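Student: So the chains spell out like this:
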Amino acid sequence: MPDSSLEPLAILALDAGRILMEAGASASSIEELVEKVALGLGAESTELRIGYASLALTVFQDGHGITRMRRVGHIGVNMRLAQEVSRFAGRVAAREISIDKARTELDRLAAATPRYPPWIAAIAVGIACAAFGQLLDGDWYGAGPIFIASTAGQYFRHTLLAHRVNVYLCVTVISLFSCVIGGLGALWLGSQAITTATIASVLFLVPGVPAVNAQTDILEGHPTLGNARAVNVLMTLIFMAAGIWVAPMLLNFGR
Amino acid sequence: MELLPVLEKALFGGIAAAGFGVLFNVTPRLLIWCGAAGALTLAVRTLCQQLGVNFEGASFAAAFAVSAAWHLLQSRKDISSVALHVVGCIPMVPGSFAARAILGLFAVSTGRTENSPQTLVAALEYTLRLIFTVGAIGTGLAIPGLLKRVRRTP
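For the record, the sequence lines run as chains F and X. Sequence positions in the first sequence follow this note's numbering and run 1 to 255. Sequence positions in the second sequence follow this note's numbering and run 1 to 154.
Isolated chain F, as found in the complex:
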């Protein structure tokens, strides 16, 4: 197979891997998926390098090989998209679809996989954080303020990210915003666990999936990516704590 025939194959396999990575998958899942897609489209073997900001793939066929690279965008968590891309890879591996149809299908998945409306996601986050408050032994007086603070915070975060505000700056602003609402609400309702209410209000900002992925990647033989994820987690936590730190000073409601 000449290099020109390998080109769309390599790019398609890379794009599938990139979408999966941006959807929050671990390195081994990405490696497995890219290999499955490339072999399903006719490659003999593959070599993949997974970085935090890019993927590089070499595909081999009939003694020829080409290497291509793709930039990875913002890494979030989108499990429905990850699920759809995994199913897509299964169909490609079973050689059920041609490369042209596979390209159309992948583009459709990336553009059209549905998401929950932002207000539903915000309410779900509010409920989750109120449950966190109870797991942290908070009292029931704090549950309402935690729900309101984290619901409003998540909706605000969605709005800021839609306006392409820097992710870390966004974390500090939302942390401050949710802390103020959660802390003041708990204080006003007479909660005895104001610190717990304040912290529970911002727990939706803790990057749990990247923290778990960082470790999984290191354990499964991808220390570079794992370390990059760990640094990102640490930076997010520092920016989150900065918001929590500023909130009481701003309102002087006492520490």
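None of these hints come from the bench; they were simulated from the model. Just so you know, these numbers come straight off a predicted model, no measurement behind them. Do not rely on the hints blindly, as some may be mistaken.
[Said to hold, decoys possible] Derived CB-CB ranges, DEER-like:
| id | chain 1 | residue 1 | chain 2 | residue 2 | range |
| --- | --- | --- | --- | --- | --- |
| 1 | F | G90 | X | L7 | 37 to 43 angstroms |
| 2 | F | G73 | X | S116 | 50 to 56 angstroms |
| 3 | F | E47 | X | G135 | 29 to 35 angstroms |
| 4 | X | E2 | F | Y168 | 41 to 47 angstroms |
| 5 | F | G51 | X | P5 | 41 to 47 angstroms |
| 6 | F | G51 | X | T110 | 34 to 40 angstroms |
| 7 | F | R108 | X | L72 | 30 to 36 angstroms |
| 8 | X | L124 | F | R108 | 48 to 54 angstroms |
| 9 | X | M1 | F | R108 | 51 to 57 angstroms |
| 10 | X | R29 | F | I238 | 36 to 42 angstroms |
| 11 | F | S54 | X | P5 | 43 to 49 angstroms |
| 12 | F | E44 | X | P28 | 37 to 43 angstroms |
Glycine residues also receive a C-beta, built at the ideal position from the N, C-alpha and C atoms.
Dock chain X against chain F, hints included.
Tutor: Quick look at chain X alone, frame taken from chain F:
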């Protein structure tokens, strides 16, 4: 062994995991499984703590249990294609330790804290507990998958 605290933690763990399932865009049909995963982790962790296991060890056992359960259900295609075991562990990620640790370090760095040594020790304690707990969760989640690969290798 007290059953009520176990059920209480399992309930709130399930609610938290299902809520995060929505944020992570898990399909509505699988949200119940997210809730079940969260309930399982919190139930196992609380049970282990009641049996005298420390917080980090209990977190490891809970992560291992939910990961093993997820791997056992791999024959169900809908479940196997979504990292439900990771969503189930989200309620155990010690975000409050992280916040308290960094806040403590901030407080020490200002030099205005009256009890700096105590604040520093508390911050260090939260930092270590955060590291060990996250380590325990990540390791507990990964081990069943690694064991499965060992079994598959001829």
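Student: Take the hints in turn and mark each one as holding or not.
Tutor: Hint check:
1. The hint said 37 to 43 angstroms for the Cβ distance between F:G90 and X:L7, and at roughly 39 angstroms that hint holds.
2. Separation of F:G73 from X:S116 is about 43 angstroms and departs from the stated range, judged on CB atoms against 50 to 56 angstroms.
3. Separation of F:E47 from X:G135 is about 31 angstroms and conforms to the stated range, judged on CB atoms against 29 to 35 angstroms.
4. Roughly 42 angstroms separates the CB atoms of X:E2 and F:Y168, a value that falls within the hinted 41 to 47 angstroms.
5. F:G51 and X:P5 have their C-beta atoms about 45 angstroms apart, which keeps the hinted 41 to 47 angstroms range intact.
6. In this structure, F:G51 and X:T110 meet the distance hint of 34 to 40 angstroms, their C-beta atoms being roughly 38 angstroms apart.
7. In this structure, F:R108 and X:L72 meet the distance hint of 30 to 36 angstroms, their C-beta atoms being roughly 33 angstroms apart.
8. Distance hint for X:L124 and F:R108: a CB-CB separation of about 51 angstroms, consistent with the stated range 48 to 54 angstroms.
9. Between X:M1 and F:R108 the beta carbon distance is about 52 angstroms. The supplied range of 51 to 57 angstroms therefore holds.
10. Here the CB-CB span from X:R29 to F:I238 is close to 37 angstroms, well matched to the stated 36 to 42 angstroms.
11. Between F:S54 and X:P5 the beta carbons are some 47 angstroms apart, a value that agrees with the proposed interval 43 to 49 angstroms.
12. Checking the proposed 37 to 43 angstroms range against F:E44 and X:P28 shows it holds: the Cβ atoms sit about 41 angstroms from each other.
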